[in-house]
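Enquirer: One letter stands for each residue in the lines below.
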Amino acid sequence: MAYEPPVTDYDEIVENGTCAFCGCNCDDLDFLVKDGHVVGVRHACRLGASKVMEDMDQRLMVPMIRDETGELMEVDWDTALDKAAELIAGAVRPIFYGWSETSIETMKHGIRLGELVGAVLDNQATICHGPSLQAVQNVGYPIATLGEIKNRADMIVYTGSNPMNSHPRHLARYSTFPRGWFRPRGRFDRTLVTMDPKYSDTAKMSDIWIGFEQNGDYGFYNAIRAALRGKEIDQDYVSGIPKEDIMELAEAMKNVQFGALYFGLGLTHTLSKQRNIDMAIEMLADLNEYTKWVLTPMRGHFNVNGFNIFMAFEMGFPYGVDFCRGYPRYMNGETNTIDLLTRKECDVFMVIAADPGAHYPGGAVKHLAEIPVIQVDIHWGPSTEIADVVLPGSFIGVECAGTSYRMDGVPIYMKKAVDKPETCRDDEWIMRELLERVQKIKDQEAAVASK
Amino acid sequence: MTYIEKPVVPKVVKLEEPTAKERKILNMMLNTGSDIYQGACKKRGSTLKDEYRKVCGVAYMDPKDMAKLGVANWDTVKVTTDWGEVVVCSVHSRDAPHEGTIFIPKGPWANVITSHETYCCCDPTYKGIYCTVEKTDEPVLLMADLMRAVYKKYVDDEETIPELESLGEMPVYKKK
Chain Y
0 MAYEPPVTDY DEIVENGTCA FCGCNCDDLD FLVKDGHVVG VRHACRLGAS
50 KVMEDMDQRL MVPMIRDETG ELMEVDWDTA LDKAAELIAG AVRPIFYGWS
100 ETSIETMKHG IRLGELVGAV LDNQATICHG PSLQAVQNVG YPIATLGEIK
150 NRADMIVYTG SNPMNSHPRH LARYSTFPRG WFRPRGRFDR TLVTMDPKYS
200 DTAKMSDIWI GFEQNGDYGF YNAIRAALRG KEIDQDYVSG IPKEDIMELA
250 EAMKNVQFGA LYFGLGLTHT LSKQRNIDMA IEMLADLNEY TKWVLTPMRG
300 HFNVNGFNIF MAFEMGFPYG VDFCRGYPRY MNGETNTIDL LTRKECDVFM
350 VIAADPGAHY PGGAVKHLAE IPVIQVDIHW GPSTEIADVV LPGSFIGVEC
400 AGTSYRMDGV PIYMKKAVDK PETCRDDEWI MRELLERVQK IKDQEAAVAS
450 K
Chain U
0 MTYIEKPVVP KVVKLEEPTA KERKILNMML NTGSDIYQGA CKKRGSTLKD
50 EYRKVCGVAY MDPKDMAKLG VANWDTVKVT TDWGEVVVCS VHSRDAPHEG
100 TIFIPKGPWA NVITSHETYC CCDPTYKGIY CTVEKTDEPV LLMADLMRAV
150 YKKYVDDEET IPELESLGEM PVYKKK
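Residue numbers (numbering that gives the first Met the number 0), protein chains in the order written: chain Y, 0 to 450; chain U, 0 to 175.
It cannot be assumed that every hint is accurate.
Said to hold, decoys possible - Derived DSSO-like pairs: lysine-lysine, alpha-carbon spacing no greater than 27 Å straight-line:
| id | chain 1 | residue 1 | chain 2 | residue 2 |
| --- | --- | --- | --- | --- |
| 1 | U | Lys63 | Y | Lys365 |
| 2 | Y | Lys203 | U | Lys53 |
| 3 | Y | Lys107 | Y | Lys419 |
As the list claims (entries may be wrong) - Calculated from the model, a selection of chain Y residues having no Cβ within reach of chain U, i.e. all distances over 12 Å:
| id | residue |
| --- | --- |
| 4 | His42 |
| 5 | His108 |
| 6 | Pro177 |
| 7 | Ala251 |
| 8 | Lys253 |
| 9 | Leu270 |
| 10 | Glu313 |
Keep in mind the hints are simulated off the structure, nothing from the lab. Using N, Cα and C, we set each Cβ at its ideal position, and we do this for glycine too.
With these hints in hand, go ahead and build the complete structure from the sequences.
Expert: Written as structure tokens, this is what we have:
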């Protein structure tokens with residue numbers, strides 16, 4: 000990478016900002032501010048810095064709706080909000096998807112709106128860590144905070160995850176490199192293990208890389224469990240890994256003082272889905288017979304865990320909550336966004352701080368091309384290409400404050416550093432306005448019906 | 000100023016066995032997922048730009064597979080699965096060797112060909128999909144053009160799509 004001189008031309012430093020990218024929620028960023036814009040970020044990784052120092056060319060600045068020719072047209076806030084409220088109020092099976100890159104305060108209004116119109120509220124967990132949450136419901140959740148792992152862990156295992164690419168500061172700030180209370184020498188006191196079919200960037204810097212076969216996770220964990228329970232492994236190779244290596248690894252995992260397992264989408268996106276994670280958690284249960292082991296899912300967005308915690312607290316279910324019968328309902332394969340879209344059930348889709356256009360499989364996006372889509376976001380993205388109403392929000396953690404939950408469930412208040420562009424609005428304000436406008440339409444309908 | 004650079008990969012790898020035949024079509028396994036270049040470009044918001052096409056519209060391939068197929072770095076290949084087909088650039092993988100597997104970073108290109116089957120577990124199958132890879136001359140589309148060509152939401156006549164003008168790298172909307 001080309002050398003870039005440090006930024007010296009700035010008016011002020013806003014200290015202790017929180018990064019709004021991945022589930023690490025690093026809360027030690029310093030924003031260098033000049034003329035109301037962030038011109039530099041200290042301590043952030045490549046991902047965090049790129050998000051904070053955004054591309055203003057593609058920033059959504061004004062509300063827009065599609066005209067008859069199918070082109071987006073700038074309108075004022077009232078027109079755009081009325082149009083969105085009209086679509087939501089008239090919908091039979093709306094889905095409100097997203098929420099993972101916005102604050103808990105926004106979700107509060109979203110949940111009320113969802114209850115009012117009988118919507119399905121779902122977040123990015125439905126396409127990433129949903130199976131992890133199912134596995135947690137199946138077999139439990141031996142979680143620890145990242146701080147505890149930093150201070151205690153002497154073996155770190157990443158499985159189906161590549162934090163050097165998706166959570167670049169995770170190793171440096173929370174797991175492997177920092178010096179902890181009981182690990183005074185940092186990296187030298189810890190063993191780093193990566194289990195991944197790919198020789199990923201994390202695998203390259205690990206002490207042990209276990210490159211089991213594609214879709215071999217389930218068999219591999221079962222083999223480790225067998226070894227832990229003192230059973231003989233019949234086959235010479237399990238999932239492409241020699242029997243002796245599995246025995247050796249099981250022995251090593253048994254003989255640590257404190258182990259931490261981090262798992263990512265490599266487990267949830269393959270065919271066995273939640274069964275992989277069931278097995279990984281049960282492997283930990285077996286390991287806990289001998290020593291202390293904990294696990295944490297590597298959550299992708301900074302507040303994806305927040306939505307799950309908030310929803311589970313408010314409604315009893317973590318994601319894919321369906322209000323169409325007037326009470327919260329949750330059923331996998333039934334009330335999840337991808338299933339609803341591929342079955343062509345949904346008739347109005349609102350996306351808040353997410354990008355289904357980029358991250359949904361084509362089969363699901365095809366239905367989005369047939370129904371009205373409302374987008375609340377900060378950047379022009381693939382979803383804008385299929386959106387009918389666009390409402391420009393603001394950037395949580397930089398342009399407005401809000402609460403988010405880190406991957407281990409620790410709530411963090413993200414403070415504001417600069418003012419948002421004048422024509423944009425807070426996500427919270429947009430949700431509240433939509434709620435009020437939809438409420439008004441519903442009240443009118445009720446008044447007409449009673450006559 | 001750009002944060003995105005092409006990953007460092009070896010220039011050319013020749014087939015180890017000179018007698019091995021070049022093949023027209025390779026049967027491979029497709030993995031998709033996040034990647035630091037894709038993540039940085041997506042969250043910065045530069046999705047319309049050529050940069051995004053360079054980080055997401057690529058298939059990271061093992062150099063040996065590329066030699067078999069007779070493609071060089073940044074040649075275009077067509078990847079086909081049961082769910083669709085898409086044209087992407089072939090690029091030498093930084094994580095080689097992984098013969099028989101290709102990796103496309105998550106994004107609109109990858110998702111044209113991923114499986115929406117959730118098997119009642121809410122999560123689509125983004126990884127471990129069988130695909131075929133073949134050489135092609137078709138260009139890799141920019142994000143806006145790809146969305147228009149694949150999902151056709153605001154197109155009246157589907158047959159005119161190849162002749163339509165590119166939507167370009169900047170937002171297009173009617174200002175007040």
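Enquirer: Hint by hint, work out which the structure violates, then give me just those numbers in ascending order.
Expert: 1, 9
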